[in-house]
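Trainee: Going down the list, the protein sequences come from chains F and H. Residue numbering for the first sequence follows numbering that gives the first Met the number 0, starting at 0 and increasing by one per position. Residue numbering for the second sequence follows numbering that gives the first Met the number 0, starting at 0 and increasing by one per position.
Keep in mind the hints are simulated off the structure, nothing from the lab. In this text, a Cβ means the ideal position worked out from N, Cα and C, and glycines have one as well. Careful, some of the hints might be misleading.
[What the hints assert, rightly or not] Label pairs and their computed distance ranges (CB to CB):
1. F/Gln72 / H/Ala343: 53 to 63 angstroms
2. F/Ala282 / H/Thr109: 31 to 41 angstroms
3. H/Thr109 / F/Gly124: 44 to 54 angstroms
4. H/Asp122 / F/Lys51: 35 to 45 angstroms
5. F/Glu185 / H/Thr109: 22 to 32 angstroms
[As the list claims (entries may be wrong)] To give a feel for the contact side, a few chain F residues facing chain H, derived at Cβ under 7 angstroms:
6. Leu67
7. Met100
8. Thr121
9. Trp125
10. Pro129
11. Ile138
12. Asp149
13. Ile263
14. Ala269
15. Ala282
16. Leu285
There are 2 protein chains.
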Amino acid sequence: MTVPGQLLTVAEKVDARVVAVIDDQRNRWNEVDPRLAELVEELGRMVASGGKRLRSAFVYWAWHGCCLDEDEQQQDEAATIDAGAAFEFLQTFALIHDDIMDDSAYRRGTTTVHVANGQRLTDNGWSGEPRRYGEGVAILVGDLGHVLADQLMAGRGERVRRLWDDLRIELNLGQYLDLRAAAAGEFDRETAQRVVTFKTALYTVVRPLQLGACLSRSAGTAGAWSDAHYHDVLQRFGLTGDNGLIGKPVGDDLREGKPTEMLIHAVEQASPAQRLVLDQIGARDLTPEQAERIVAVFHETGAVAVNENRIEQLLAESKAALSDLPLHTEAKTALEALADYVVARDR
Amino acid sequence: MTVPGQLLTVAEKVDARVVAVIDDQRNRWNEVDPRLAELVEELGRMVASGGKRLRSAFVYWAWHGCCLDEDEQQQDEAATIDAGAAFEFLQTFALIHDDIMDDSAYRRGTTTVHVANGQRLTDNGWSGEPRRYGEGVAILVGDLGHVLADQLMAGRGERVRRLWDDLRIELNLGQYLDLRAAAAGEFDRETAQRVVTFKTALYTVVRPLQLGACLSRSAGTAGAWSDAHYHDVLQRFGLTGDNGLIGKPVGDDLREGKPTEMLIHAVEQASPAQRLVLDQIGARDLTPEQAERIVAVFHETGAVAVNENRIEQLLAESKAALSDLPLHTEAKTALEALADYVVARDR
Numbered sequence: 000m001t002v003p004g005q006l007l008t009v010a011e012k013v014d015a016r017v018v019a020v021i022d023d024q025r026n027r028w029n030e031v032d033p034r035l036a037e038l039v040e041e042l043g044r045m046v047a048s049g050g051k052r053l054r055s056a057f058v059y060w061a062w063h064g065c066c067l068d069e070d071e072q073q074q075d076e077a078a079t080i081d082a083g084a085a086f087e088f089l090q091t092f093a094l095i096h097d098d099i100m101d102d103s104a105y106r107r108g109t110t111t112v113h114v115a116n117g118q119r120l121t122d123n124g125w126s127g128e129p130r131r132y133g134e135g136v137a138i139l140v141g142d143l144g145h146v147l148a149d150q151l152m153a154g155r156g157e158r159v160r161r162l163w164d165d166l167r168i169e170l171n172l173g174q175y176l177d178l179r180a181a182a183a184g185e186f187d188r189e190t191a192q193r194v195v196t197f198k199t200a201l202y203t204v205v206r207p208l209q210l211g212a213c214l215s216r217s218a219g220t221a222g223a224w225s226d227a228h229y230h231d232v233l234q235r236f237g238l239t240g241d242n243g244l245i246g247k248p249v250g251d252d253l254r255e256g257k258p259t260e261m262l263i264h265a266v267e268q269a270s271p272a273q274r275l276v277l278d279q280i281g282a283r284d285l286t287p288e289q290a291e292r293i294v295a296v297f298h299e300t301g302a303v304a305v306n307e308n309r310i311e312q313l314l315a316e317s318k319a320a321l322s323d324l325p326l327h328t329e330a331k332t333a334l335e336a337l338a339d340y341v342v343a344r345d346r
Numbered sequence: 000m001t002v003p004g005q006l007l008t009v010a011e012k013v014d015a016r017v018v019a020v021i022d023d024q025r026n027r028w029n030e031v032d033p034r035l036a037e038l039v040e041e042l043g044r045m046v047a048s049g050g051k052r053l054r055s056a057f058v059y060w061a062w063h064g065c066c067l068d069e070d071e072q073q074q075d076e077a078a079t080i081d082a083g084a085a086f087e088f089l090q091t092f093a094l095i096h097d098d099i100m101d102d103s104a105y106r107r108g109t110t111t112v113h114v115a116n117g118q119r120l121t122d123n124g125w126s127g128e129p130r131r132y133g134e135g136v137a138i139l140v141g142d143l144g145h146v147l148a149d150q151l152m153a154g155r156g157e158r159v160r161r162l163w164d165d166l167r168i169e170l171n172l173g174q175y176l177d178l179r180a181a182a183a184g185e186f187d188r189e190t191a192q193r194v195v196t197f198k199t200a201l202y203t204v205v206r207p208l209q210l211g212a213c214l215s216r217s218a219g220t221a222g223a224w225s226d227a228h229y230h231d232v233l234q235r236f237g238l239t240g241d242n243g244l245i246g247k248p249v250g251d252d253l254r255e256g257k258p259t260e261m262l263i264h265a266v267e268q269a270s271p272a273q274r275l276v277l278d279q280i281g282a283r284d285l286t287p288e289q290a291e292r293i294v295a296v297f298h299e300t301g302a303v304a305v306n307e308n309r310i311e312q313l314l315a316e317s318k319a320a321l322s323d324l325p326l327h328t329e330a331k332t333a334l335e336a337l338a339d340y341v342v343a344r345d346r
């Protein structure tokens with residue numbers, strides 16, 4: 000599926016802001032000590048390495064659709080782009096820390112921070128353990144990204160602040176539950192759904208939409224925008240439009256053994272022989288052949304078909320929720336295109 | 000040295016706020032899923048496990064000394080205690096992440112988060128590598144502390160926000176330089192001073208003082224408080240009053256081989272034989288006997304004596320800087336007592 004133009008135009012503006020923030024920090028610290036600027040460089044390498052900028056697009060179009068008129072759009076766009084850039088720094092922070100926890104070697108086509116810096120210690124003949132050094136640097140690069148995210152989100156008022164704090168707490172708690180459930184082998188449906196709700200649905204869709212709406216000045220004044228009902232509808236759009244619930248597991252997911260809806264359905268429907276195949280999930284040394292066989296069982300048990308139906312249903316519900324929202328047409332069209340794209344992307 | 004009363008009264012108020020924040024979060028997430036509350040519990044265990052609450056005392060007394068009258072003190076104390084609690088959460092975040100980087104097993108008399116959670120995986124017979132799991136959980140507990148710190152510091156205006164962002168960036172950069180210099184064996188005086196300036200002087204003394212002053216309403220209105228000169232004096236008090244420059248290395252410091260002023264002086268003055276002893280610094284398997292011999296070389300080379308003199312000189316300069324500040328007497332007395340205490344504590 001082609002990337003919708005409404006995503007690309009926002010991404011371009013947000014990326015320019017991200018680059019400007021990195022450049023500022025790099026120049027500032029380079030003057031003090033070039034070694035300090037290395038930490039900024041590493042963050043810049045990861046935040047610039049890609050990502051669809053989905054969260055900033057949800058922020059932008061929710062804000063855009065809530066603006067009273069073009070005047071407001073022109074005056075407040077810079078603040079909205081800042082908020083979008085904040086989400087991209089926050090996402091980079093989360094990915095850098097997650098990559099340590101999962102020991103992922105690659106991310107967005109580039110070497111992860113902990114692996115690259117562990118290698119740097121070895122290459123330079125420095126003393127210490129490469130793993131500990133690389134992970135230490137990656138923790139700090141992530142922490143720096145967290146601060147810069149927060150700096151971009153400052154001064155936007157009480158309601159935005161509350162959403163921003165909540166979504167950051169939810170992100171951490173969701174990742175913790177994910178780690179803990181995988182370690183403890185808690186693969187029940189409730190756990191899987193809760194992880195996805197916290198890590199993906201709320202963090203990627205619902206909170207960006209709500210925060211974007213709160214950024215518009217109209218949201219603060221007009222009752223229609225600020226009431227609980229409005230936020231409920233945004234939440235419904237966000238939750239039903241989210242594909243994380245139904246994502247198809249690939250090699251690394253199978254090796255980590257993280258609970259997903261599809262896995263749980265497959266386990267419920269599996270024959271004893273199929274169950275033996277599924278039991279291999281979570282083995283760190285899973286071969287490509289074994290992974291292929293597991294995916295075949297997902298098809299045989301009907302888990303894939305159930306998934307496809309669920310996607311269609313969720314997408315329809317999502318669009319219905321969207322039509323209830325009192326947004327400008329341009330924003331509605333954009334959000335519909337984003338929902339289609341999110342669902343199609345990982346199918 | 001006895002702990003000054005001006006530290007204890009602030010610590011009591013700040014601790015009550017810290018406990019209330021942890022209780023709120025624990026109750027909130029316990030209702031959703033008791034597993035989520037575990038992350039809050041771990042943070043609560045670390046933030047409550049001690050620490051002298053020095054940073055919050057500097058915030059408090061700088062603010063207190065800048066207040067125009069008792070009315071202001073009564074009305075704004077809660078916000079100042081919030082800012083103090085923010086510093087304590089930030090410090091806990093930094094310690095939890097630092098303990099991963101240094102692989103420290105104990106902190107403030109309790110097992111560190113990464114060690115305790117690695118052990119938990121083993122004890123429960125969960126799957127995965129204890130080290131990776133324990134460190135992953137500790138990264139998340141630290142990140143949660145960072146969010147709660149930030150939440151407590153929200154809504155305090157532009158100048159406070161800028162200081163808060165700067166000190167968080169400085170904290171990360173200082174820790175990075177510390178890690179990198181130890182790995183690369185860069186034990187020059189300039190590097191050592193820069194690490195201490197970022198990690199200790201600015202973060203522990205200067206920024207809390209400046210931020211506390213900015214919290215007072217008078218600071219925003221009266222020119223005398225808000226000008227650059229005032230911040231310069233606070234900076235001078237903070238930098239000279241800081242003991243980190245001159246701290247005496249103990250076992251773990253010697254094993255990590257982090258550059259300190261005292262080490263650098265000893266290396267400069269050492270005979271070839273003494274130099275061989277100092278070369279053992281940074282060995283992970285340093286025995287207590289070797290550590291003792293290294294400390295003896297610090298004495299023999301005069302590094303300890305030079306240090307003692309430097310402490311006295313810095314303390315005098317610090318108090319001179321303090322007398323230049325237009326603060327109320329009660330606050331001046333408190334800050335003097337804190338400076339004495341900070342210097343005496345680690346001598």
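Trainee: Does each hint hold? Answer for all of them.
Mentor: Each hint tested on the structure:
Checked against the hint of 53 to 63 angstroms, the C-beta distance between glutamine 72 of chain F and alanine 343 of chain H comes to roughly 60 angstroms, which is consistent with it. Alanine 282 of chain F and threonine 109 of chain H have their C-beta atoms about 35 angstroms apart, which keeps the hinted 31 to 41 angstroms range intact. A C-beta distance of roughly 37 angstroms is found between threonine 109 of chain H and glycine 124 of chain F, which places it outside the suggested range of 44 to 54 angstroms. At roughly 41 angstroms, the beta-carbon separation of aspartate 122 of chain H and lysine 51 of chain F lies within the given 35 to 45 angstroms, and the hint holds.
Evaluation of the 22 to 32 angstroms hint for glutamate 185 of chain F and threonine 109 of chain H yields a pass: the beta carbon distance comes to about 27 angstroms. Annotation: leucine 67 of chain F was flagged as interfacial toward chain H, and the flag is violated, the nearest CB pair being 26 angstroms apart, outside 7 angstroms. At a threshold of 7 angstroms, the smallest CB-CB gap from methionine 100 of chain F to chain H is about 4 angstroms, leaving the interface hint in force. The restraint placing threonine 121 of chain F at the interface with chain H is violated, with a minimum CB-CB distance near 11 angstroms, outside the 7 angstroms limit.
At about 4 angstroms, the closest approach between the beta carbon of tryptophan 125 of chain F and any beta carbon in chain H falls short of 7 angstroms, and the interface hint on this residue holds. Given the 7 angstroms rule on beta carbons, the hint for proline 129 of chain F is violated: about 10 angstroms separates it from the nearest Cβ of chain H. Interface hint status for isoleucine 138 of chain F: upheld, as the beta-carbon distance to the closest one in chain H is roughly 5 angstroms, under 7 angstroms. About 6 angstroms separates the beta-carbon of aspartate 149 of chain F from the nearest beta-carbon of chain H, less than 7 angstroms, and the hint is met.
Checking isoleucine 263 of chain F against chain H: minimum C-beta separation of about 17 angstroms lies over 7 angstroms; hint violated. Taking 7 angstroms as the C-beta cut-off, the interface hint given for alanine 269 of chain F is violated, the closest approach to chain H being about 20 angstroms. Because the beta carbon of alanine 282 of chain F sits about 9 angstroms from the nearest beta carbon in chain H, more than 7 angstroms, this interface hint is broken. For leucine 285 of chain F, the interface hint is violated, since its Cβ never comes within 7 angstroms of a Cβ in chain H; the closest pair sits about 13 angstroms apart.
In this structure, the hints that do not hold are numbers 3, 6, 8, 10, 13, 14, 15 and 16, in rising order.
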